[in-house]
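As given, the protein sequences belong to chains A and B, one line each in that order.
Under our numbering, think of the first position of the first sequence as 1, with each following residue one higher.
Under our numbering, think of the first position of the second sequence as 1001, with each following residue one higher.
Misleading hints may appear alongside valid ones.
Stated by the list, open to error - Subject to a maximum C-alpha distance of 20 Å in a straight line, what follows is the list of computed EDC-like cross-link-like pairs (lysine to aspartate or glutamate):
1) 1029/B <-> 30/A
2) 1273/B <-> 30/A
3) 1328/B <-> 1268/B
4) 74/A <-> 1224/B
5) 36/A <-> 1224/B
6) 36/A <-> 1279/B
7) 38/A <-> 1279/B
8) 56/A <-> 1165/B
9) 56/A <-> 1129/B
10) 56/A <-> 1268/B
11) 74/A <-> 1032/B
12) 1189/B <-> 30/A
13) 1029/B <-> 66/A
14) 1273/B <-> 1348/B
15) 74/A <-> 1024/B
16) 38/A <-> 1164/B
17) 1345/B <-> 1224/B
18) 36/A <-> 1352/B
19) 56/A <-> 1164/B
20) 74/A <-> 1164/B
21) 1061/B <-> 1164/B
22) 56/A <-> 1281/B
23) 36/A <-> 1281/B
It is worth saying that the hints were derived from the structure and are not from the lab.
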Amino acid sequence: MSQKQEEENPAEETGEEKQDTQEKEGMLPERAEEAKLKAKYPSLGQKPGGSDFLMKRLQKGQKYFDSGDYNMAKAKMKNKQLPSAGPDKNLVTGDHIPTPQDLPQRKSSLVTSKLAG
Amino acid sequence: MNKIQSHSRGEYNVYSTFQSHEPEFDYLKSLEIEEKINKIRWLPQKNAAQFLLSTNDKTIKLWKISERDKRPEGYNLKEEDGRYRDPTTVTTLRVPVFRPMDLMVEASPRRIFANAHTYHINSISINSDYETYLSADDLRINLWHLEITDRSFNIVDIKPANMEELTEVITAAEFHPNSCNTFVYSSSKGTIRLCDMRASALCDRHSKLFEEPEDPSNRSFFSEIISSISDVKFSHSGRYMMTRDYLSVKIWDLNMENRPVETYQVHEYLRSKLCSLYENDCIFDKFECCWNGSDSVVMTGSYNNFFRMFDRNTKRDITLEASRENNKPRTVLKPRKVCASGKRKKDEISVDSLDFNKKILHTAWHPKENIIAVATTNNLYIFQDKVN
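Produce the entire structure from the sequences given, and follow the hints as far as they go.
Below, the structure is given as C-alpha cells:
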C-alpha cells in the first residue's frame, strides 16, 4: 500500500490518480536532480552500479600505512630525538606517518571521490 | 502514540561501559582496521549473566556481562585488603560470608572470532538454535559456532571470479527467528535472497528472491543507490520481513516474492534533494529499522534527529524528534511535520532547514513494552508510552 507524499510540481493532470502518472510526477524531481548532478560533474557518465563504484565501496575506509616507517617513528618518539633536518616544517618522508593516536575521524561513506571520473 | 522522555521510575543511567575493540593494523596489507563497532547483538539469556556479540570491520567478539553485588568477607588467611596474614597469627577459624556491596558490572571477552573476513563485516545474526551465528561482509557470509573460534563455514560467496564483473554487494543478513536453517541477505541493488542451509553447504543459489519490479522508464542515476537496502529485519512472528532503503521502509510477506505487501515513505521530500545528498555523501547513510513487540508498528530514523513510526493496522504514521532543546523530560513529544515545498505552515519545518548532520541511524524497540531507544550522534534517548 503506497503512501507517497504529493509532489509539489506544476501538475498537468490535476487530481488524477493513475498509478503511472503519479510515478511520472514522482520521477520528475529525481530526473531534475540527475540533470543537476551531470551538469556539475560532466565526467560522471558511467552507471553508478558499475564495478568501479562498488570497488571503491569495498575499499572504503582503507588507510594505508607503512609498518617500517611506523615502527621507526615509534622508536624516534621513545628516544625523544628530533630529526636533524632542522626546525623547518618539511619533515622527511617517513616521519609523517599515522600513529593510532593521530588517526582522524573518518566518514562512513566512500572516501575516494566518486565524482572524479 | 504519545511518548514521554524518562522512565516513570526515574532516569536511565549508564549500566556499564567497556571498550570492545582496539584499533589494529593489518601489517600484511598495510591497512588500518578501525575499532568502530558496526553491530551488536544480544544472545538469549541463559543464566544470570548477559552475553552479546559485537563486531568491527574484521573481528567479532563474544562478551560476558555479569553483575557482582556481593563479596566474600572474613577469610582466615587474608586481610580484608587482600594481604596475606601470617598463618602463625591465626588462632581461630571462621566461615567467610557474602556481604552486599555496591553493584559492580564486569564485562569480559569470552571468545574472539577473527580472521574470517576479507571485506568489511556489516552484519551479525544469532541463530534460533542458540548455538550458531552468521557474520556477513560485502561479498561473503560465514557461519560460526559460538564455542569455536578457529573455524567458520562459508555459506554464501558472491565474489565473481573477475572483480570487473562485480555488480552488487551484500548489505545486511539475518537468521529467521524460528527456522534455524533459514536466513536472508539483502543487496546493494535492492534485492533480498532467502537461503535454506539444508539445500546445500554453499547457499549461492537462493531459495527465494524478493525484488520489486521497477519501471525502466523511471530509472535515473540515483535509482540503484537509493534502492540499496541498508537493513533487513524479520518480524517476531517470522512471517514477514522489513527492509529499509534510502527513502522507504518495505514489508515483505515471505510467501510473496514479487513485491512488498506494504511500503511506507520515510522522507519522500528528499527525492528532490538527491543531487546535494549525493554530493555530501548522505545518500549513502545506512538507516536501520525495527519492529515493535507485536509487529504492529515499525520504526526508523531520518534526519534532523527525526524518527518515524508507522502503524501497520491503522496506516497512521508519526514523525517525532529526539532533541533536548525541544523536549523537556516527562513531556509528551509533539509530532513534527516537514513541508516539502510551497507555503510552510506554522510549526512545519522546511526541507532546506533540515540538519543532515543530525541523523538517527539506530533505533530499537523493547521486545515486550512500549519503550524505545533512539540514538542521535552523541546522545541516547529512551522514550516510553505515556503512563496514565
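Checklist entry - Against which earlier hints does the structure fall short, listed by number upward? => result 1, 3, 4, 9, 10, 16, 17, 20 and 21
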